[in-house]
Structures are given as structure tokens and as C-alpha cells.
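J.: Letter by letter, the chains look like this.
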Amino acid sequence: MSIVDSVENQISTARSSVDAIPSPPRWALKGSSVVLFIAIWWALVKIGFLGFDLLRTPLETAGALSGFISGESMGQGGESLYVHGYHTLIRVLLGLSLAITTAIPLGLACGWSDWWRSYVYPAFELLRPIPPVAWVPIALIAFASEFLGIVWVVFIGAFFPIFVNTMEGVAQIEPEYVRAVRSLGGSKLDLYRHVVIPHTIPSMITGTTVGVGIAWIAVVAAEMLSGGPGLGYITFQAYRLMDTGVVIVGIVVLGTLGAVSSSIVMRTGDHLTPWTDEVTE
Amino acid sequence: MQGLTKIYDPDGEHVTAIEDIDLTIEAGEFVSLVGPSGCGKSTLLECIAGFIEPSHGQMYIDGGRIDGPGADRGVVFQENRLLPWKTIRENIDLGPKMRDGVEDGRAEELLSKMGIEGTGSQYPTELSGGMQQRAEIARLLANDPEIMLMDEPFSALDALTKEIMQELLLDIWEEDNRTVVFITHDVEEAIFLADRVLIMTAGPGEIKETIDVDLERPRDLDVTTTPHFNELRKEALGHIVEEAREAMEGGQ
Chain A
9 MSIVDSVENQ ISTARSSVDA IPSPPRWALK GSSVVLFIAI WWALVKIGFL
59 GFDLLRTPLE TAGALSGFIS GESMGQGGES LYVHGYHTLI RVLLGLSLAI
109 TTAIPLGLAC GWSDWWRSYV YPAFELLRPI PPVAWVPIAL IAFASEFLGI
159 VWVVFIGAFF PIFVNTMEGV AQIEPEYVRA VRSLGGSKLD LYRHVVIPHT
209 IPSMITGTTV GVGIAWIAVV AAEMLSGGPG LGYITFQAYR LMDTGVVIVG
259 IVVLGTLGAV SSSIVMRTGD HLTPWTDEVT E
Chain B
811 MQGLTKIYDP DGEHVTAIED IDLTIEAGEF VSLVGPSGCG KSTLLECIAG
861 FIEPSHGQMY IDGGRIDGPG ADRGVVFQEN RLLPWKTIRE NIDLGPKMRD
911 GVEDGRAEEL LSKMGIEGTG SQYPTELSGG MQQRAEIARL LANDPEIMLM
961 DEPFSALDAL TKEIMQELLL DIWEEDNRTV VFITHDVEEA IFLADRVLIM
1011 TAGPGEIKET IDVDLERPRD LDVTTTPHFN ELRKEALGHI VEEAREAMEG
1061 GQ
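Chains A and B are the protein sequences, given in the same order. Note that this note's numbering gives residue 214 to position 206 of the first sequence, counting from 1, and the numbers run on in steps of one. Note that this note's numbering gives residue 956 to position 146 of the second sequence, counting from 1, and the numbers run on in steps of one.
Chain A on its own, in the form it takes in the complex (with noise of 0.2 Å):
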């Protein structure tokens, strides 16, 4: 027996010993770590770190958030959480699925063919750098409508994240593959449909993951700025009249969403790409 191997003998010994000493479950670890950052939060707001002592313990806010699901109106004579939860995923709905049809044919045209990368990417990477915000003032005029300014505002936040992706994702097709698919008689069809697609989905599934996230962002900024019913005017026109309580309660919503709406991403994702479920497992 070599040195090397007396050597991972004896770590792999002591290894076992370690792993013998019972460990708290998985659930317990991962609740204390929220119970740690709840009693951060109620500490911060009691001691009055700074001007937290004017927003709410996580207590007040947990009965702010009850009384609003329940249907309470939202600051003085104002809509319900849920009137302004529609208004906002109305548009955060519609700008994606706008970005999804559009950033997916145009990435795989983009990528796939020299033509469309030659003489059309060249004016999307002319918009590309813009952040999205930059484009509320500019939206809101033109589309003479908040609604259709914060859906273009979106949709301009989440077309390049998966445009972009996926054409990456074409860019990495080994060629042999082509090859394969063309030497079993394959049209140029049957490439995309067995080849360009597939492998791209991947991709589109990154991409769309990114793009879900500033959507988000993206109708939250937008909604600041343009007013009107939606979770980020609320949140903000609470914050103009130090309804702290509502400020937080719109936090937590559009947290909460974001984390559903990313993880229908993922699961649709997983859904669509079997092949890969050995590595995600």
C-alpha cells in the first residue's frame, strides 16, 4: 500500500467518525437562518438603527400583510392588494410573453444565419446597452398610455437577456451534429427542428430565467415613475406619505412574486429539457 493510499484511508476513517456525530436536519438549519434574519429585522427596528425605528416590526407587517389579503384597501380610500397585484402582472405577463415570441425566432435567425447576423443584429446592438428604466420617460410618450409604456418598458428588459442567450446558444452547436443530422438525409427544416431548437432550449431557458428577474425590476421602476395602480406605484406612494407598513408589504408581494414567477421558469425549464436530469439531480 503506497503512502497516498494509507493516507486517504485514514482521512476517509476520520470522515466517517465526523459523519457518525448526529447533525441537525436540513430544515432545521435553513429555518434557523430565516429565524436569525426575522430577529435582525425585529432588533434593528426596536433599537432604532439609523431611521429604522420608523418602519414596521416583522409582527406589524405580518398583520399589515393579513389585513390586505383579506382585502383592505391600500393607504386612504385607496384600490385593494389585489387590484394593484392584477395591474401589475397584467403587464409584467404581457411584456414577457412579447419578449419570449420575439427574442426566441429572432436569437436562432441571429444566430444561425450570417445574413440576419450581418444585417440585423447590428441595430439591436445599438439598443442593447440602453438600461431599461432609461426608456420610461421615452415610453410613456410615445405609447401615450402607461399601460403600453411600462408593457414596452418590460418588454425592452426582457427581450435582450433572452435574445442574447439564445443566440449564444446556437453560436455553441458543434458542427458535428449538423453533420450527423445531414448524413441520416436531414432537410435544413429537420437541422432546425432536430438540432437548432433542441439545443438551444437550454439557453432560452437561461436567458428567460434573467429576463423574468428584470421584468421585474423593470415594471417596479416604471410604475414608480408613471403612477397609477400597480405594486410599485403603491409602494412608492406609501413610502411620499411614510405608510412604512404598506412599503413593506409591497416588498414582501413583489418579492414573493418574483420568487413564484422564477420558479415556473425553472420548473417549465426542467419540464422541457429531460435530457439534462441527471446533472440538475
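FYI, nobody ran anything at the bench for these hints, they're computed from the structure.
Think about it this way: if two alpha-carbon atoms lie no more than 25 Å apart in a straight line, the pair counts; the simulated DMTMM-like pairs of lysine to aspartate or glutamate are:
| # | chain 1 | residue 1 | chain 2 | residue 2 |
| --- | --- | --- | --- | --- |
| 1 | B | Lys972 | B | Glu936 |
| 2 | B | Lys896 | A | Asp278 |
| 3 | A | Lys196 | B | Asp954 |
| 4 | A | Lys196 | B | Asp882 |
| 5 | B | Lys1018 | B | Glu863 |
| 6 | B | Lys972 | A | Glu184 |
| 7 | A | Lys196 | A | Glu176 |
| 8 | B | Lys972 | B | Asp961 |
| 9 | A | Lys196 | B | Glu913 |
| 10 | B | Lys896 | B | Glu936 |
| 11 | B | Lys972 | B | Glu927 |
| 12 | A | Lys196 | B | Glu956 |
| 13 | A | Lys196 | B | Glu900 |
| 14 | B | Lys907 | B | Glu918 |
| 15 | B | Lys896 | A | Asp198 |
| 16 | B | Lys907 | A | Glu182 |
| 17 | B | Lys896 | B | Asp914 |
| 18 | B | Lys896 | A | Glu176 |
| 19 | B | Lys896 | A | Glu184 |
| 20 | B | Lys923 | B | Glu936 |
| 21 | A | Lys196 | B | Asp910 |
| 22 | B | Lys896 | B | Glu927 |
| 23 | A | Lys196 | B | Asp877 |
| 24 | B | Lys972 | B | Asp986 |
| 25 | A | Lys196 | B | Glu889 |
| 26 | B | Lys907 | A | Asp198 |
| 27 | B | Lys896 | A | Glu182 |
| 28 | A | Lys196 | B | Glu863 |
| 29 | B | Lys907 | A | Glu184 |
Okay, the calculated bits of chain B under chain A, using three or more residues with CB under 8 Å as the criterion:
| # | segment |
| --- | --- |
| 30 | 876 to 888 |
| 31 | 902 to 908 |
C-beta: ideal position from N, C-alpha, C; glycine also.
With chain A fixed as given, assemble chain B onto it according to the hints.
T.: Using the frame of chain A, we list chain B on its own:
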């Protein structure tokens, strides 16, 4: 397949990968191409497959000119090229599906022929390298090509799997009378499999020597221990060593 193959291939930088090759391969013949790496054997194969166009010269199959890839010439690559997003069954059915239609049960039949029955609903990455290579050959057979082009198909496999695959390939070939062009850098493999071993030279790639392999068929691996096999092997190695030496001297 009859006809003349004659290719010059100076690419953009005028590196001549293969030069002025005349070659006739008979229908049903098993031909091995051996040579040092960079001698243009893959280039030659890619030309026959239609992936690249020769700069000069023509290639004909049964009198018809080669113009791009086609289902009549199946290719097995060195690295496995099963589509990872399709199950083994979908991969095997892909060729027929893209042309006229899938015959029910054909995939299963081929899988059991290749000794990997029951793997149809798995994805390629769930199979070992040897099993993937079997599935890839099954995919090629499903398309029923007249010509099988194989570019070092077994070089990534371990020695034992490789021997099994070689015998399997011979079985398949003897059954269906297909033409095979088989590229390898392994002289023994070349002799064991082929009717004719073509030894290529490097830069520019030319066919230097042809060795007719008159070993009896059907063959199994025992033939590799016979004196006649050894003679052939020595002859082939002699040419290759000579060629390598010339190449080194030429380089100085």
C-alpha cells in the same frame, strides 16, 4: 460504388491536405485508411461524406457525382454524435423519420442486433461510451446506407470493448454487403477488418501503398495471432515507419 476519386484540397492558406488521390472502391468492399495524424485521412472521408468540397477533382458513386451529404453515405464519428436531446430510440428512428417514415419495431430490432436491447428510452448520456457507439451504428443501419464511413470510431473505447466492436462490425458487414471506408491509426485494426489497407502519407496527403489483405473470411480475433497476419502487419508497419522517417528528414 465505382468511379474515380481525385482530390486536391488547398484551403485558404494553400495547405494541401490531400493531393491527387485516385481511388476506386468496389461495392461491398471493406477499405481501411491508415496513416499518421494530419495525413488527411479525415479530410478524404469528409469529402466522400460530402461535408467539404474538394478544390479539384471529382468523386462519383455509381457514376453519380457527390454533391453534399446524403443518406446513402452514413457516417460514424470518432466522438459519439448521438443527439443528446433525443432518446436512443428517437435517435435511431431519426433518419427514417426525416425521409419516408419509421418502421415500427425497427429500432428495437437494431438495438438487440447491437446487443443493447432495452436502452431505447434512455438518453445517450445515460449509456457508457461503448454502448453509445453501438447505438450510433444502429442509427446508421436504420438508415440503410450503401456506404458506411467510419472515422476512427473505436479509438475512444477501451481495448476490450474495441475488440468486441470490431467483431460486431464485421458481422454486420458480412450480413448486408455494404461498402465500408474505415479510418484508423491502428494498423492491426485496419488489417483485421479490411479487404484492402491504404497507407497514406502526410503533407500533402497521398496514398502511398496498398496492401491487399487476403485473410479468409469470416474472421474472428484469432486471426490476429496467425503468421500471415503478422507478415501483413510487418509490411504495413514497414511502410509507415519509412514514411515517418522521410517526413522527419524532410522536416529538417
